[in-house]
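Asks: Take a look at the letters that make up each chain.
There are 2 protein chains.
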Amino acid sequence: MQKEILYLKIATIIEEQITSGTLKTGDKLPSIRTVQKIYNVSINTVKQAFLELESKSLIASRPKSGYYVSRGFQSNLALPSMRQLKLSEKEKAPEDLISKVFNTFTDKNITQFSLGVTDKSMLPIAKLNKGVIKILRNLEDSGTAYEPAQGNINLRRNVAKWSFTWDGHLNEEDIVTTSGALNALLYSLMTVTNPGDTIAIESPVYFGILQMIKSLGLHIIELPTHPVTGVAIEDLKKVLPKIKACCLVSNFNNPIGSCMPEENKKEVVQLLTLHNIPLIEDDLYGDIFFGTNRPKPCKAFDEEEIVMWCGSVSKTLAPGYRVGWVAPGKFKEKLIRQKLIQTLSSPPLYQEVIADFMEHGRYDHHLRTLRNTLYTNYLHFQRTIENHFPENTKISKPQGGFVLWLELDPKIDTALLYDIAIQHKISFAPGRMFTQHDQYNNCMRLNFAVKWDEKTENSLKKLGQLIKQQL
Amino acid sequence: MQKEILYLKIATIIEEQITSGTLKTGDKLPSIRTVQKIYNVSINTVKQAFLELESKSLIASRPKSGYYVSRGFQSNLALPSMRQLKLSEKEKAPEDLISKVFNTFTDKNITQFSLGVTDKSMLPIAKLNKGVIKILRNLEDSGTAYEPAQGNINLRRNVAKWSFTWDGHLNEEDIVTTSGALNALLYSLMTVTNPGDTIAIESPVYFGILQMIKSLGLHIIELPTHPVTGVAIEDLKKVLPKIKACCLVSNFNNPIGSCMPEENKKEVVQLLTLHNIPLIEDDLYGDIFFGTNRPKPCKAFDEEEIVMWCGSVSKTLAPGYRVGWVAPGKFKEKLIRQKLIQTLSSPPLYQEVIADFMEHGRYDHHLRTLRNTLYTNYLHFQRTIENHFPENTKISKPQGGFVLWLELDPKIDTALLYDIAIQHKISFAPGRMFTQHDQYNNCMRLNFAVKWDEKTENSLKKLGQLIKQQL
Chain Z
1 MQKEILYLKI
11 ATIIEEQITS
21 GTLKTGDKLP
31 SIRTVQKIYN
41 VSINTVKQAF
51 LELESKSLIA
61 SRPKSGYYVS
71 RGFQSNLALP
81 SMRQLKLSEK
91 EKAPEDLISK
101 VFNTFTDKNI
111 TQFSLGVTDK
121 SMLPIAKLNK
131 GVIKILRNLE
141 DSGTAYEPAQ
151 GNINLRRNVA
161 KWSFTWDGHL
171 NEEDIVTTSG
181 ALNALLYSLM
191 TVTNPGDTIA
201 IESPVYFGIL
211 QMIKSLGLHI
221 IELPTHPVTG
231 VAIEDLKKVL
241 PKIKACCLVS
251 NFNNPIGSCM
261 PEENKKEVVQ
271 LLTLHNIPLI
281 EDDLYGDIFF
291 GTNRPKPCKA
301 FDEEEIVMWC
311 GSVSKTLAPG
321 YRVGWVAPGK
331 FKEKLIRQKL
341 IQTLSSPPLY
351 QEVIADFMEH
361 GRYDHHLRTL
371 RNTLYTNYLH
381 FQRTIENHFP
391 ENTKISKPQG
401 GFVLWLELDP
411 KIDTALLYDI
421 AIQHKISFAP
431 GRMFTQHDQY
441 NNCMRLNFAV
451 KWDEKTENSL
461 KKLGQLIKQQ
471 L
Chain S
1 MQKEILYLKI
11 ATIIEEQITS
21 GTLKTGDKLP
31 SIRTVQKIYN
41 VSINTVKQAF
51 LELESKSLIA
61 SRPKSGYYVS
71 RGFQSNLALP
81 SMRQLKLSEK
91 EKAPEDLISK
101 VFNTFTDKNI
111 TQFSLGVTDK
121 SMLPIAKLNK
131 GVIKILRNLE
141 DSGTAYEPAQ
151 GNINLRRNVA
161 KWSFTWDGHL
171 NEEDIVTTSG
181 ALNALLYSLM
191 TVTNPGDTIA
201 IESPVYFGIL
211 QMIKSLGLHI
221 IELPTHPVTG
231 VAIEDLKKVL
241 PKIKACCLVS
251 NFNNPIGSCM
261 PEENKKEVVQ
271 LLTLHNIPLI
281 EDDLYGDIFF
291 GTNRPKPCKA
301 FDEEEIVMWC
311 GSVSKTLAPG
321 YRVGWVAPGK
331 FKEKLIRQKL
341 IQTLSSPPLY
351 QEVIADFMEH
361 GRYDHHLRTL
371 RNTLYTNYLH
381 FQRTIENHFP
391 ENTKISKPQG
401 GFVLWLELDP
411 KIDTALLYDI
421 AIQHKISFAP
431 GRMFTQHDQY
441 NNCMRLNFAV
451 KWDEKTENSL
461 KKLGQLIKQQ
471 L
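Which chain is which? The protein sequence lines are Z and S, in order. Using UniProt numbering, count along the first sequence one by one with no gaps and you end on 471. Using UniProt numbering, count along the second sequence one by one with no gaps and you end on 471.
Be careful, since some hints might not be right.
Same chains, same names: a pair is fine if it fits in one copy or spans any two.
Here are the simulated SDA-like pairs of lysine to any residue, each with C-alpha atoms no more than 25 Å apart in a straight line [stated by the list, open to error]: (1) K411 <-> Q423; (2) K451 <-> T229; (3) K90 <-> K334; (4) K334 <-> T198; (5) K24 <-> F389; (6) K92 <-> E333; (7) K334 <-> A93; (8) K397 <-> A60; (9) K108 <-> A145; (10) K296 <-> K397.
None of these hints come from the bench; they were simulated from the model.
Please construct the entire structure, taking both the sequences and the accompanying hints into account.
Replies: If you want it as structure tokens, here you go:
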């Protein structure tokens with residue numbers, strides 16, 4: 001048989017397995033070497049077969065992991081729509097809804113699609129524990145003393161070093177450590193705003209950011225945000241004269257999944273620099289990318305030090321450690337004062353543990369596994385939603401992070417649907433939680449950083465059924 | 001020899017040793033049993049001799065510890081004076097001075113009378129480390145997960161139980177855990193005030209509280225405070241119509257050392273209750289008392305739940321752990337929301353370690369030792385200051401905590417003196433740091449929770465000399 005026909009034959013066999021459902025979206029393909037042995041062909045022939053399948057978007061390669069069935073990427077479901085800029089519309093905080101959803105957080109019988117955390121099965125808990133024991137032995141004063149307010153030097157050094165993954169040129173002096181990324185945001189906001197000021201944010205937006213900004217007596221302008229390219233720059237331009245700061249989740253936005261293209265990031269930074277408006281950038285999902293490279297944050301294009309780049313390990317390693325950081329640019333001294341005033345210093349132990357974890361390559365290693373797990377979950381979710389949710393369901397296509405944003409038929413009210421779902425022990429985050437206006441009532445956020453097993457799959461199918469029943 | 005003469009004879013011998021300087025203020029006397037053996041007399045005779053010396057204020061007993069030379073208590077030095085209420089005087093924050101003093105905090109060659117922390121030699125570091133290892137083994141998810149925002153249940157339970165030491169009737173539901181007492185204050189302030197409101201505080205006041213209140217956009221009224229009885233209630237009455245909240249360090253105030261008498265506490269709580277004004281009470285020194293009982297906080301007299309009682313182990317166990325709490329009374333739900341918005345949750349590990357330390361009696365045991373050490377240091381400081389500082393030095397006489405407030409000759413400017421002292425590797429906290437007005441320029445705060453050794457003693461003597469040279 002001719003080589004060309006050979007590779008096509010193999011490709012066809014695999015394609016049939018995919019279309020028949022033998023191989024499901026998210027499944028891992030056998031390795032090149034395994035396929036080679038099965039069909040007794042050359043490695044190049046297998047590679048060519050895989051290339052053929054990849055060109056048809058049937059499979060996708062994950063760096064250093066292998067090939068996965070990626071049929072979900074060719075999703076027939078549309079993207080969620082972008083809303084209009086609402087400048088004069090009345091505000092109404094979604095507090096009651098948030099409280100209701102929070103109240104079910106600790107119930108372990110509920111399938112928690114609502115949480116914004118990584119399932120503990122994906123965290124390197126045993127390795128972290130070893131780190132704690134090791135650090136405890138070597139830590140000066142065993143971590144009982146105060147640290148300088150800027151934070152642990154080893155953590156700052158490693159976060160700075162880690163910035164090479166996105167072409168960053170940070171050094172340890174540029175970083176201030178915080179109690180998680182949310183705390184970094186708080187310090188940043190308190191550093192560059194006064195009560196009564198207005199902040200521009202993406203819409204929909206993580207409700208924690210909404211609540212924090214409101215609690216500081218600040219006003220909010222929600223900017224329309226595209227599910228792929230992120231914040232609408234034209235709308236940002238319109239509100240520049242009104243705002244004191246801008247706050248963006250530029251990479252794998254929670255909840256909408258957008259990742260701003262580099263040229264957009266550059267343009268936003270240039271715009272804000274020109275108007276002397278600080279950009280608070282929450283980059284806590286940047287390390288969880290499905291592609292080949294970590295997307296750069298806006299900070300990478302920050303020539304005038306106006307970007308306050310915030311991050312943490314709460315989404316990748318240990319939420320409970322409360323370890324985060326900010327590179328506050330030219331606002332550093334003022335921000336350190338804020339931290340000093342509010343909490344004096346951060347506990348050194350966990351900062352050292354995380355620094356050590358990064359230093360010795362364990363963070364990098366863990367991230368590879370985590371990304372593969374999350375990517376596979378993402379494909380499983382896409383496939384299940386495509387097969388079991390109504391056909392007019394719109395869905396985001398994030399290239400990283402671990403949340404999906406769904407826009408359902410306009411007749412569906414997800415706040416009401418929540419009450420029904422919770423009776424079936426299924427929880428999700430209704431869209432209304434992610435805005436201060438009366439919108440996104442037919443939307444929901446699903447967390448796919450849960451363990452993918454039969455229970456999860458059935459819960460997701462059931463959710464689709466419940467939506468269909470409502471129509 | 002007759003019994004009466006016998007006990008007097010022993011008392012006279014010891015008295016002569018004290019007046020000759022063989023026994024110095026702060027020194028521990030031999031135990032009753034030792035003295036009994038030396039003089040071959042009955043225990044009762046020794047007890048009578050000690051009573052005689054106690055009646056002359058030459059020695060003082062410390063519960064479960066023994067007798068100490070306490071001649072310093074009969075100090076010839078006067079108490080610092082109380083200032084007038086300043087309502088119209090201009091404000092000027094002492095930021096530059098604070099920064100200057102903070103810059104020398106980490107220099108280990110400097111004798112740090114300026115710090116507000118306990119020397120690490122007084123902390124039970126080895127025992128705490130054991131606790132960390134133990135807890136780490138048993139902690140759910142090894143502490144990597146988020147906790148409910150109200151905080152760790154075991155810590156809340158133990159803090160509530162511990163309140164029996166001051167007749168408190170708190171239960172675990174009354175407590176919210178925080179990142180140190182300062183953080184508890186921050187949440188409390190943000191819960192009951194809005195920017196532009198006015199807060200009444202003691203004067204002088206710990207500069208961290210001053211800075212925090214200002215950073216929230218609040219105004220401050222400094223209330224005259226007596227070095228023994230605390231805040232002037234008459235002045236508080238005058239400002240009631242102007243204030244939104246009151247913030248007091250009722251027990252062993254930092255820096256002035258006052259401990260409000262119970263009747264004052266009761267009166268203040270009644271007054272504030274009547275006017276519906278929340279009292280934020282920072283009780284972080286209450287467990288470090290020199291007398292026989294822990295002084296009650298204002299919270300003990302709080303019938304209408306208006307007192308937000310804040311505490312921590314930062315002064316007694318481990319500053320770097322950042323473990324604190326607040327019993328926010330009727331403002332609990334609002335305060336939990338503040339915590340949730342700002343940091344989501346606190347790391348569980350250290351909270352569990354402290355809870356375990358309290359639960360198994362180790363906190364109680366450690367406090368006994370710590371109090372004895374600090375009391376002895378206090379006597380050493382009193383004696384050295386009386387002997388080596390100018391005669392017109394006024395000095396506080398705190399019955400707990402670990403700071404002294406000195407008022408020097410009006411010609412002395414302690415901000416200038418600081419520059420001279422630091423050249424001699426001695427640091428203290430100039431009085432101007434503890435007020436927003438132009439006052440206390442001839443005052444200083446000294447931390448006596450330092451290791452008492454020859455270097456410390458010489459530094460303190462040198463400081464006295466430097467002051468004398470300035471006159």
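Asks: If a hint holds in the structure, say so; if it does not, say that too.
Replies: Right, here's what the structure says about each hint:
1. In this assembly of identical chains, K411 and Q423 lie within 25 Å of each other by CA distance solely inside one copy; the values are 21 Å within and 76 Å between copies.
2. Taking the shortest alpha-carbon separations for K451 and T229, neither the intra-copy value of 29 Å nor the inter-copy value of 60 Å comes in at or below 25 Å.
3. Only between protomers do K90 and K334 lie at most 25 Å apart by alpha-carbon distance; the minimum there is 24 Å, versus 34 Å within a single protomer.
4. Proximity of K334 and T198 under a CA criterion of 25 Å is satisfied in both settings, with 20 Å inside one chain copy and 24 Å between copies.
5. Only within a single protomer do K24 and F389 lie at most 25 Å apart by alpha-carbon distance; the minimum there is 17 Å, versus 84 Å between protomers.
6. For the homomeric pair K92 and E333, the shortest alpha-carbon distance between copies (20 Å) is at most 25 Å, but the shortest distance inside one copy (36 Å) is not.
7. When the C-alpha separation of K334 and A93 is checked against a cutoff of 25 Å, the pair qualifies only between copies, where the shortest distance is 15 Å, while the shortest distance within a copy is 30 Å.
8. For the identical chains of this complex, K397 and A60 are intra-copy neighbours only, at 15 Å inside a copy versus 75 Å across copies, given an alpha-carbon limit of 25 Å.
9. Proximity of K108 and A145 under a CA criterion of 25 Å is satisfied inter-copy only: 13 Å between copies versus 37 Å inside one chain copy.
10. Taking the shortest alpha-carbon separations for K296 and K397, only the intra-copy value of 19 Å comes in at or below 25 Å, while the best inter-copy value is 59 Å.
Hint compliance for this structure: hint 2 is the single one not met.
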